[in-house]
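Residue-level listing of the chains:
Protein chains: 2
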Amino acid sequence: MTNALPIGLFDSGVGGLTVLREVARQLPKESTLYFGDTARVPYGSKSRDVICRFSLEIAQFLLHEKVKMIVVACNTASAFALPSLRARFDVPIVGVVEPGAQSALSASRTGRIGVIGTEGTIESQAYSEAIHRLKSNLQVFGQACRLIVPLVEEGSLDKPVALEIVKEYLTPLMAKTVNTLVLGCTHYPLLKNLLARVAGPQVRLIDSAEETARAVGRQLKDLQLEAPVGAPLLRRFFVSDAPEKFEKIGQRFLGQAIPGVQRVDISTWI
Amino acid sequence: MTNALPIGLFDSGVGGLTVLREVARQLPKESTLYFGDTARVPYGSKSRDVICRFSLEIAQFLLHEKVKMIVVACNTASAFALPSLRARFDVPIVGVVEPGAQSALSASRTGRIGVIGTEGTIESQAYSEAIHRLKSNLQVFGQACRLIVPLVEEGSLDKPVALEIVKEYLTPLMAKTVNTLVLGCTHYPLLKNLLARVAGPQVRLIDSAEETARAVGRQLKDLQLEAPVGAPLLRRFFVSDAPEKFEKIGQRFLGQAIPGVQRVDISTWI
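Chain order of the listed sequences is E and L. For what it's worth, this note's numbering labels the leading residue of the first sequence as 1, then goes sequentially. For what it's worth, this note's numbering labels the leading residue of the second sequence as 1001, then goes sequentially.
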């Protein structure tokens, strides 16, 4: 069995494009449909309730557009909304937290793991719970990094202020002598070089995107949902606000130009 | 004639509380009803269209709750949505940009004016247009400051990173030798000391809140809408997400504790 429908991915904005990029690289035959909730971005500082509601609206929209799987390509939405989405919809739903936790565990079997993310992701304890489900005796330390998302979106990555901000957040984690650092937000891969420089060579950086794309590939195979040979490849993009801006900022995340982004009034998809 | 209804104020989140604080100080007999759109905050990076839609929804809600005037206590919403709001509703509507422009002009009759604000406010050119309507031969220089709002909300005002961020944004304006600096975002008064220190003693800082409260007072008087003597004083607060967090962060903006914040599902108020 095969299935030619696209994989649906969503995020609060451009960040999830780092996951799309990896899905497209690992699964080049799979069509994709991406939604960025740019009218309500960011998710990281908002409550579980509101993130669940936003995620349900977006999932409704994706299913209306016909997708065979939903990838929650946002750490905050994965941390808060995965159980509600799985309870409500029948398609397979993959988040970024479980694959990231798996990857952190492989990198750090006996070690101390740091997790950086938005306030919501860190306060939810989603990573430490997912890591402890896999192995209970690891030490996990979280650090919320409120300024990194706007810093990355502003594009000021090579300014002195970027180094100052990264130092501010990593110093407390380094004091805990972590040897693995999970980039628990889809924006952070764009700061990978700077994070690696400040964290030092003894710290292994974990980017969930790679492991998430692998989880997507495995599930498609297990559920016999892979795209048929020779199916046309489609990449569609939707946002809830400012398509031009999404095209402009998003290409740094996707690593290539983003064609024909359409705007959708998402709050009507309840 | 008098009118005992409250004044309605709204902002994307906690920032407008700096305006409420000044309204309460200058017009202590006036009741108020404040709405913070914490489910969709921030407004500064979003489009004119979506900010107009959000503002119309909130105005509908305020009018349903019965207010005698609407104060758009948010620079981005004032820059984008004032004409649509005035075209749609009959109550008097006061924004923060025109009062801020008036105040900048009084401070700097012959000078060079810098304006700091969100991307939306700066790109809209709302301040330079408002200043040029009052006096055409002034020079106005805008600087978008994406990181200041999250910095203020994070509360990291006395850390080295705050100084680094403020320097980053003010250096280009100082190079233009501005002698007046408009704080074109309701969050910025909380950084006033640091901004003043970096800008230096030759630069006069303009905070729109004071002038906005004066404009509110004038309009209430002119339109015979002042509260009657002895009317009960009410302060009500509504948000679209996370009331507890609003109470916690908001008290730094209001300068006192915020009692009994209620949550409203605002996207249904179209």
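None of these hints come from the bench; they were simulated from the model. Treat the hints with caution; some may be incorrect.
[Unchecked claim] Covered stretches of chain E, as calculated for chain L (at least 3 residues, CB under 8 Å): (1) 29–40; (2) 45–53; (3) 151–163.
Ideal Cβ placement from N, Cα and C applies to all residues, glycine included.
>> Between the segment 29–40 of chain E and chain L, are there enough contacts, at least three residues with CB-CB distance under 8 Å, for the coverage claim to hold?
In response: Answer holds; 3 residues pass the 8 Å Cβ test.
> Count the residues of the segment 45–53 of chain E with a beta-carbon closer than 8 Å to any beta-carbon of chain L: does the count reach three?
Replying inline: The restraint on the segment 45–53 of chain E holds, since 5 of its residues have a Cβ under 8 Å from chain L and three suffice.
> the segment 151–163 of chain E covered by chain L? Criterion: 3 or more residues, Cβ-Cβ distance below 8 Å.
Replying inline: holds (count 7)
In this structure, every one of the numbered hints holds.
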